[in-house]
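Keeping their order, the protein sequence lines are chains A and B.
Note that the first sequence covers residues 2 to 111 in my numbering.
Note that the second sequence covers residues 13 to 919 in my numbering.
Heads up, some of the hints might be wrong.
[Said to hold, decoys possible] Some, not all, of what chain A presents toward chain B, calculated at C-beta under 10 Å:
(1) 21
(2) 23
(3) 42
(4) 44
[Said to hold, decoys possible] Computed far set for chain A versus chain B, every beta-carbon distance over 12 Å:
(5) 10
(6) 41
(7) 48
(8) 49
(9) 55
(10) 59
(11) 78
(12) 91
(13) 95
(14) 104
[Said to hold, decoys possible] For lysine-lysine, the following DSS-like pairs were computed, each having C-alpha atoms within a straight-line distance of at most 30 Å:
(15) B:184 x B:153
(16) A:65 x B:661
(17) A:67 x B:728
(18) A:65 x B:32
(19) B:567 x B:315
(20) A:65 x B:567
(21) B:74 x A:84
(22) B:184 x A:84
None of these hints come from the bench; they were simulated from the model.
Idealized CB from N, CA, C, for every residue including glycine.
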Amino acid sequence: MTPERIELPQGTLDLLILRTLSLGPQHGWAISERVQQISDDVLRIQQGSLYPALHRLERRGWIKAKWGASENNRRAKYYELTKAGQKQLATEQDTWEKLTAAVAQVLRAV
Amino acid sequence: MLSDLYIRLRSLFSRSKVDKELDEELRFHQEQQADKYMRTGMSREEAMRQVRLDFGGLQQVKEDCREARGVSFVDSLTQDLRYGLRMLVKSPVFTAVIILTLALGIGANTAIFTLVNAVMLRSIPVRGPQQLVVAQWSARKGPRRVGMSTFGDCAHNREDTLGCTLSYPLFKQIQNQRNVLADAMAFVGPYPMDLSGNGAAAIAQGQLVSGSYFQTLGVLPTLGRTLLPDDEKAGAPSVAVLDYGYWQRAFGGSPAVIGRTIHLNNASFTIVGITEPGFIRLTPGKSVDLWVSLNQASVLGLKHLHASDPTDWWLVVISRLQPGVSRAQAQAVLDSIYRNEMLHGGNQEWGTADNPHLSLLPAQEALTGIRSMYGEPLLLLMAAVGLTLLIACANVAGLMLARAASREREIAVRLAMGAARRRVIRQLLTESLLVSFIGTGLGALLAPLGVSGLASFFSKNSYAPLQLDLHIDARILIFTVGAGLLTGIGFGLAPAFRSARTGVTVQLKGNTTTAAASHGRGRLLSFGSSLVILQVSFSMIVLTGAVLLLRSLDKLRSIDPGFDTRNLILFSINPELAGYKDEQIANLYKNLQTKITALPGVTNVSYSSEALLDGGSSSRTMHIEGSVDKNEVQVKTLSVGPEYFQTMKIPLLQGRLLNQTDADDTRRALVNRMFVQKYVAGRNPLGLHFSGGEPKDPQWEIVGVVGDTKYDTLRKEDAPTAYMPLASDGATFVVRTRFVPSSLMPAVRNVVNTVDVNLPVIRMRTQADSIDRLLFNERLVARLLGLFAMVGLVLACIGLYGLLSYEVERRTREIGIRTALGAQRSTIWSLVVRHGILLVTTGALVGGGAALGATRLLTSLLYDVRPTDPLTFALTAFLLLVVGILACSLPARRATRVDPMTALRCE
């Protein structure tokens, strides 16, 4: 039985990608797999939004891409966090934590 | 951001590669995913199907990725361009007219700018030109007791209270200030030198320079060596360095010239080196063929240059600042040296009250050269050609506007289909930019034609060889592209915004004519009208300037110079440079005179120290016997050979002419009528004596009075002039011919060559050429202004014609109704023409007002015509009106032919 899936809220996709890449360079498929795994299959990134997001992050200079060999020795495009990306990740993570804490607080109180 | 730019550029330029990479990336993902499904036991087909389901529309994902990378801008641009091109091809005549108009406008602007750039803007082609400074002296009054020579390197003022020539001892003092100056050099010239030992004798422009010249400038040799400080020491061998270009021209670029001996003014010089090709000039416009050291002056027979004399100011001194030393710091040091020298040293020229100073000016600004001569007319032309481009711009905007009106329906459809207004404006702007870029490209191709025409006009009219660096540099490219871009936006913006305001519903109701009329009568036409008014008024400004100049040229040309200027050949020779001595020179002249007179077609031959109306003149302060006031007077002097007055056809008024018995030492002279009128009025001039200012100067006896002539320029009043017999100096021969003088030039040159092959003929020209040369600036500006005015006028007419035709077309229905109701053809005709006349009159009034201010800039070029000459203004306005009515009459005739039935039926 597959667990219930939750749609990703607006803006969280970038954060998830950046966080995943902070563990080391990955290709697109691995990123989506990793997110799915870690979230116990709750979060699932739509393929149709993953790649545009990757290209957008690359254009902003937060991640950079280079071609390398995959585990099964095929050519794959690996993404890696840049300095600017690390900074961005820290800010976004901080914002997210504050936001969820605040939302949780409100939900508990009311 | 840099990554942003990089990725956008990559999307733009390597699109196929980026797309392929995207494909590969997505395919990799799909295969990974398929592998994963297959591991759970799916068959391959099943797995692939599932993947495709997961993925959604692959094309959509790709499109989103492209969007994310910023590709969409490029995509829509290519789309716009493709569409724009299609629109342009659809109306080829319209497109051709616009592109041609722009090409002419941009081409003319680029051509003039290339000249402005060469004369005014280019920096000195040496290393670190910004560290070079020129020493300029200034004082409250001009120096009196010094010999000062200038070669037009720097600007001078009329009162001689500033200048940039210094004495040799002062240069040496400046050169020693090594705490503030890295080095300093001095130069004089170039002098025309008689060069032999390389084929037939020729004139080379030789500059005399200090040994530090090339080191200070940082100019290196291509071959051999440049001049060095040792070359300036006493007793150093005579060596010369050749200019790269001259070496190519005169010596075919042969490396064997190093070590070869040539003769300069009959003295031997060894060629030791060739300069690097980039060093084409120091002073703007001055062309130098070779350099020799300053101490070679006496070897070269340049007698008047005295190195040790502190009262001989002849050298332009250029220093290179020590790194880290500012111009002000160096100036403070040199100024105190200069003041000390002037107030207490060997050259006590001024007192403290005269406040003499030495300043250091950036060489780029201080070395003016031809800039002082051509700078003003060039800037005038730049302004005029700029106005012409504005006329072209307004013209094209008018055409675009008219066309945009006919495209209103198309645009309304696009707006109704949901196109953003921004997107429509961008589409229309892309179209106009496309047109302007094609126009610019064509203009850039046309520009070199104009440039080479102008350059040859310049050098044909210059006394010395002219150096103009006309190759295309970044500044010219930026100018042209910038002009094209601004033009494209300028004429495209207003029509684009106007079109995008189109009311969708009105347009789509289906009745174009009423829609256009309701829309057009209010704003569109008034905007179109103001464009026409703009064109007419700019044309009026340029046209007024052209007419003013043409009228004053006409007046200048109709001045009676006092001698017959037709059928005269002039050429100069300098036998001293070829080694002739006193008696030999007199014999040579006599010999040449006889031999040239013997040529068929020649009536008289003579010679003089200067030629009349050839740019030069000499004058002396004189004292006249028995004059009441003891003051000395200024008298122009001209030394002449036998038969001079017969040759020039200057009438004898009193006494006798000079003849063979009047040698230099018999001290007999002639004066002109103005001399008598001004200085010996009321007395019999014959037998009177005059002399130079000093008591030891010889006394001259007046034996005759001749008619007045213009001397150095046409513009000045006839001046008191004295004519003496020519002693042994260089001379300009005058040859009076029976028919077209240019046809006899080869024969005359041939005579000189047979008499002595080592005697170079300097500047063979006709008297008419010389006068043209004096009027060069006037002719240059008049000619080009006339051309621009014609172009402007034609454009304004096209604009007017276009606007009125468009109006007649729009009002077809109205005109049809009027005709149906019984309006006469003449009424319809005047309806249209009245509008045209109104526009032209408004334009002429506005332009006339602006011209009143603008023509003041022409003052220095005008002669006997005021910049606000009412006749000129009236004439110009009248001309505009006539041409304007002609331009209106065609559309007006078309209006009278409107058939009421057809007009009403087409609704």
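Now the hints, each set against the structure:
1. 21: violated (15 Å)
2. 23: Violated. Min distance 19 Å.
3. 42: violated (13 Å)
4. 44: violated (15 Å)
5. 10: holds (19 Å)
6. 41: holds (17 Å)
7. 48: violated (5 Å)
8. 49: violated (4 Å)
9. 55: violated (8 Å)
10. 59: The assertion about residue 59 of chain A is violated, with a minimum of 7 Å to chain B.
11. 78: Violated: least Cβ distance 5 Å, not greater than 12 Å.
12. 91: holds (19 Å)
13. 95: holds (22 Å)
14. 104: About 29 Å separates residue 104 of chain A from the closest Cβ of chain B, which puts it past 12 Å; holds.
15. B:184 x B:153: Holds, at about 25 Å.
16. A:65 x B:661: violated (90 Å)
17. A:67 x B:728: It is violated: about 80 Å lies between the C-alpha atoms, which goes past 30 Å.
18. A:65 x B:32: Judged against 30 Å, a Cα distance of about 18 Å means the pair holds.
19. B:567 x B:315: violated (42 Å)
20. A:65 x B:567: With Cα atoms ~76 Å apart, residue 65 of chain A and residue 567 of chain B exceed 30 Å; violated.
21. B:74 x A:84: holds (28 Å)
22. B:184 x A:84: violated (62 Å)
When each numbered hint is compared with the structure, violations occur for hints 1, 2, 3, 4, 7, 8, 9, 10, 11, 16, 17, 19, 20 and 22.
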